[in-house]
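Each protein sequence line maps, in turn, to chains A and B. Sequential numbering from 1 applies to the first sequence in the working numbering. Sequential numbering from 1 applies to the second sequence in the working numbering.
Keep in mind that the hints were calculated from the coordinates and are not lab data. These numbers come from a predicted model, not from an experiment. All C-beta atoms, glycine included, are put in the ideal place defined by N, C-alpha and C. Be careful, since some hints might not be right.
[Said to hold, decoys possible] For each label pair, taking beta carbons as the anchor points, the in silico distance ranges come out as:
1) A:388 <-> B:67: 23 to 33 Å
2) A:385 <-> B:106: 32 to 42 Å
3) A:443 <-> B:44: 51 to 61 Å
4) A:335 <-> B:44: 31 to 41 Å
5) B:11 <-> A:441: 33 to 43 Å
6) A:382 <-> B:130: 31 to 41 Å
7) B:104 <-> A:319: 42 to 52 Å
8) B:106 <-> A:485: 42 to 52 Å
9) B:121 <-> A:388: 17 to 27 Å
10) A:443 <-> B:121: 26 to 36 Å
11) A:433 <-> B:133: 29 to 39 Å
12) B:106 <-> A:366: 47 to 57 Å
13) A:483 <-> B:106: 43 to 53 Å
14) A:369 <-> B:119: 27 to 37 Å
[Said to hold, decoys possible] Computed cross-link-like contacts, BS3-like style, restricted to lysine-lysine with a CA-CA straight-line distance of at most 27 Å:
15) A:136 <-> A:12
16) A:80 <-> A:141
17) A:380 <-> B:79
18) A:12 <-> A:261
19) B:30 <-> B:125
20) A:380 <-> B:65
21) A:450 <-> B:36
22) A:169 <-> A:320
23) B:34 <-> B:80
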Amino acid sequence: MDKDLQSGSYYKSLTRNMVLIMILVSFTPLILISGALRFYFSQSYHDKVLDHLTVLIKKHRQNIDTFLYEKLADIRSLAKTGTYQDFTNEDFLRDRLNILQEEYGTSFVDLGVVDDHGIQIAYAGPYHLRNADYSKANWFKESMQTENYISDVFPGLRGIPHFIVAVRKEHGGKNWILRATVDFEAFNSLVESIRIGETGFAFILNKRGEFQTKPRNEVLASRNIYLDFLGKEKLAPDLVVVAERADDSGTESVHVMAPLKHGEWVLAFKQKESDAYMVLYQAGRLAVSIIIIGGLGIVGAAIILSKRMVRYIQDADRQKEMMNEQVIEAGKLASIGELAAGIAHEINNPVAIMVEEAGWIEDLLLEEDLRQTENLDEFKRALTQIRTQGRRCKEITHKLLSFARKTDPTVRKVQLNEMIEDVVGLSEQRARYSNVKMNMHLEPDLPMVKASPSEIQQVLLNLINNALDAIDTKGGNIEITSRINGDFVVVDVADDGPGIAKANLQRIFDPFFTTKPVGKGTGLGLSICYGIVKKMGGEISVNSAVGVGTTFHVHMPVPREPVAPSETKTTGFLSAEHGPPKDRTAEESE
Amino acid sequence: MMTDAGQDGGDRIRLLLVDDEEGYVNILSKRLTKRKFEVFVALSGAAGIQALRGRDFDVAVLDLKMEDMDGIEVLRIFKKMVPEMAVIMLTGHGSEQAARDGMAFGAFDYLTKPCELDELVEKIKQACKRRAEH
C-alpha cells in the first residue's frame with residue numbers, strides 16, 4: 001500500500017511536470033511573438049499618428065498665418081489708397097470698408113483712425129466708437145511701437161471677442177493708426193474645423209494662457225504645457241512639438257503645438273490617447289482576448305492530454321509490475337522445485353531399501369516357524385506399518401518430484417473437472433484442519449477448454465485457499481461447481497464465510513490490494529488469477545454479500561471446434577503434479 | 001557376484017539386476033531369490049555388460065539412472081548383445097519420458113522406483129511368458 005501511495009504522488013508530479021512543460025513550450029513563443037508584434041506595431045502606429053498630426057498642424061498653422069497676414073496686407077494696401085485727410089473723412093472710410101467687405105467678405109467688421117493720443121478720430125462700422133479713447137489699451141501701446149500689428153483676441157469696448165489689425169502711419173511729424181477689426185467667428189472657424197476623432201480638437205492660446213479661439217466643451221484643466229512651450233526663448237517659426245502627457249484628471253493625451261504670430265500664440269491640438277490610438281488599442285484588446293482564449297485552450301489541452309498520457313503510463317506500469325510479480329513467482333517456484341527434487345531423489349532410495357527390508361522380514365516370518373512367539377501378530381502389524389508408511393513417503397516424494405518439473409506454459413486441452421478434483425484433493429488436508437467441508441458439483445459432460453494446466457491449477461488453488469482463509473477456523477462449507485453457460489465453461493467457488501465489504505469488492509482484483517494484516521498477504525493472488533484467466537480469453541468475477549458468503553466465477557471459453565473428451569493421462573497427470581506447498585499459496589492468496 | 005541360492009532346477013527364471021544402489025539391489029536380490037528366481041547382481045552398467053558375456057539371462061531389470069553409464073545406453077548394448085533377453089526398466093518418478101524412450105529401443109516395460117515387489121515379480125513373469133511365446 002505504501003508503494004501505491006508513493007507511485008500515486010509520482011504520477012501526480014509527472015502529470016504536473018508534463019502540464020508545465022507543455023504550457024511553457026506553447027506560451028513562450030506565443031508571448032514573445034505577440035509581445036514583439038505589439039511593440040513594433042505600436043511603435044510604428046504611434047509614429048504614423050504623430051506624423052499625421054504634425055503634418056495637419058503644420059498645414060493649419062500655415063493657413064492661419066496666411067489668414068492673419070492677408071488681413072494685415074489688406075489693411076496695409078488700404079492705407080496706401082489715401083492720405084490722413086482722406087481717412088479722417090468718415091464717408092471715405094465707410095466707402096473703403098464697403099470695398100473691403102465686398103472683396104473679402106464680412107471678416108472685416110469696422111475701420112477706424114486713431115491719433116497718437118489713442119483717441120479714435122474717425123470710425124466706420126456698426127458701433128458708435130468715434131472719439132473712443134484707446135490710450136490705455138494694450139493694442140494701442142503695442143501698435144505705436146511697430147509698423148504693423150495684430151492684437152490678441154479681446155472683448156474690448158464692444159464686449160464681443162475680436163482682434164485688431166493695425167497699421168502705423170505718419171502725418172506731419174505725428175503718428176496715426178489705421179485699424180480694422182476682424183470678426184472672431186471668421187478666424188475661429190479656421191481653427192474649429194480642425195477636428196479628429198471624438199476628442200481631438202485645436203485651439204489657440206496667447207502668452208497669458210487666454211483662448212484666442214472658442215474652445216470646445218472640454219475644459220483645459222492645465223495650460224502649463226502650452227505656456228511652457230511659449231515661454232521658451234526662441235521658437236523657430238516652423239517648429240512643431242509633440243508631447244504625450246497626462247493632464248490633471250489623469251487622462252493621457254497627445255498634445256501637438258506650433259508657434260503662431262512670431263511666438264506670441266500657440267496653435268495647439270489636443271486628443272485623448274485612447275481616441276488617437278483607438279485602432280491600436282482595439283488591436284491590443286483583440287490580441288489579449290485571443291491570447292486569453294487560446295491560453296485557456298492550451299492549458300485545458302495540456303491538462304487533458306497529460307492526464308490521459310499519464311493514465312496510459314500508469315496502466316502500462318501496473319501491467320509491467322504484475323508481469324514482474326509473475327516472473328518472480330515463477331522463479332520462486334523453479335527454485336523451490338529444484339530443492340524439492342533433490343530431496344526427493346535422495347530420500348527415495350533409503351525409503352525403498354527400508355520397505356524392501358521390511359518385506360524381507362515378512363518373507364522370513366512366513367518361512368520360519370515362529371508361531372509360538374507370542375508377539376508374532378505385533379511383528380506382522382509393525383512390518384505392515386513400515387510398508388504403509390514407506391508407501392506414504394513414496395507418495396510424498398512423487399508429489400515433490402512432480403512439482404519440481406518445469407512448469408509447462410503451453411496451452412492444451414484441459415478437462416476442468418479433473419483439475420478441480422486434483423486441486424480439491426490437494427487442499428483437503430487444510431480444509432480438515434479448518435473444519436471446512438468441500439463439496440463438488442461437477443457437470444459430467446463438461447467440454448474441454450484450452451488452457452495451461454499449471455496456470456489453471458494455480459487459479460483454482462488460489463480461489464480455494466482464499467475461501468479457506470475467509471472461513472478461517474470457524475468451520476463452514478465450500479461449494480465447487482462446474483457448469484456450462486453458452487459458449488463458456490463456468491467454475492464457481494463459493495464459501496459461506498463473512499463476505500467482502502462492498503468498498504473492497506471493487507478493488508479485489510487490483511494488484512497489492514489486500515485486507516490481510518501486514519506480512520500475511522501480498523495482494524497478488526487474485527490479480528494473478530485475473531491475469532491468467534484474461535490471458536486465456538476467459539473472465540473472472542465475484543459476487544459477495546456480507547454475512548452470507550462469497551462466490552467467484554471463472555468463465556473459460558469453449559474452443560470452436562468440437563473437442564473429444566480425452567482419455568489421455570496427460571491432463572490428470574499434469575494437474576496432479578503442480579500442487580505447490582501450502583505456505584506458498586497461503587502467502588500469495590489475497 | 002552370483003547368489004548361490006538357486007543352483008538347483010534349470011527351469012528357474014534367470015534374472016540380471018543392474019543398479020548402482022547396493023543396499024537396494026541386495027535386498028531385492030534376496031527377496032527375488034526367495035521367490036525362486038536365479039538372480040545375478042551387477043552394481044554398474046559396465047558390470048552388467050560384463051555379466052552378459054559369460055552367462056545367459058531370461059530377464060534383465062535395469063535402473064536407468066546410474067553413475068557410470070546412461071541406462072538407455074546400457075539397454076541398447078544389452079539388446080545388441082542378447083536381443084532375445086527381455087529388459088524391464090526402473091525409473092525415478094518424473095523421468096518417465098526416458099523410460100518411454102527406452103520402449104522404442106526394445107525394452108519390455110518399465111516401473112517407477114520404488115516399486116512394489118509383487119508388481120515387479122508380475123512384470124518379470126509376463127516378460128518370460130512373452131519370450132516363451134516367441
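Quick rundown of the hints versus the structure:
{"no.": "1", "hint": "A:388 <-> B:67: 23 to 33 Å", "result": "holds (31 Å)"}
{"no.": "2", "hint": "A:385 <-> B:106: 32 to 42 Å", "result": "holds (40 Å)"}
{"no.": "3", "hint": "A:443 <-> B:44: 51 to 61 Å", "result": "holds (54 Å)"}
{"no.": "4", "hint": "A:335 <-> B:44: 31 to 41 Å", "result": "holds (32 Å)"}
{"no.": "5", "hint": "B:11 <-> A:441: 33 to 43 Å", "result": "violated (58 Å)"}
{"no.": "6", "hint": "A:382 <-> B:130: 31 to 41 Å", "result": "holds (38 Å)"}
{"no.": "7", "hint": "B:104 <-> A:319: 42 to 52 Å", "result": "holds (45 Å)"}
{"no.": "8", "hint": "B:106 <-> A:485: 42 to 52 Å", "result": "holds (51 Å)"}
{"no.": "9", "hint": "B:121 <-> A:388: 17 to 27 Å", "result": "holds (20 Å)"}
{"no.": "10", "hint": "A:443 <-> B:121: 26 to 36 Å", "result": "violated (43 Å)"}
{"no.": "11", "hint": "A:433 <-> B:133: 29 to 39 Å", "result": "violated (54 Å)"}
{"no.": "12", "hint": "B:106 <-> A:366: 47 to 57 Å", "result": "violated (37 Å)"}
{"no.": "13", "hint": "A:483 <-> B:106: 43 to 53 Å", "result": "holds (48 Å)"}
{"no.": "14", "hint": "A:369 <-> B:119: 27 to 37 Å", "result": "holds (29 Å)"}
{"no.": "15", "hint": "A:136 <-> A:12", "result": "violated (90 Å)"}
{"no.": "16", "hint": "A:80 <-> A:141", "result": "holds (23 Å)"}
{"no.": "17", "hint": "A:380 <-> B:79", "result": "violated (42 Å)"}
{"no.": "18", "hint": "A:12 <-> A:261", "result": "violated (76 Å)"}
{"no.": "19", "hint": "B:30 <-> B:125", "result": "holds (17 Å)"}
{"no.": "20", "hint": "A:380 <-> B:65", "result": "violated (33 Å)"}
{"no.": "21", "hint": "A:450 <-> B:36", "result": "violated (52 Å)"}
{"no.": "22", "hint": "A:169 <-> A:320", "result": "violated (113 Å)"}
{"no.": "23", "hint": "B:34 <-> B:80", "result": "violated (31 Å)"}
The earlier numbered hints that this structure contradicts are 5, 10, 11, 12, 15, 17, 18, 20, 21, 22, 23.
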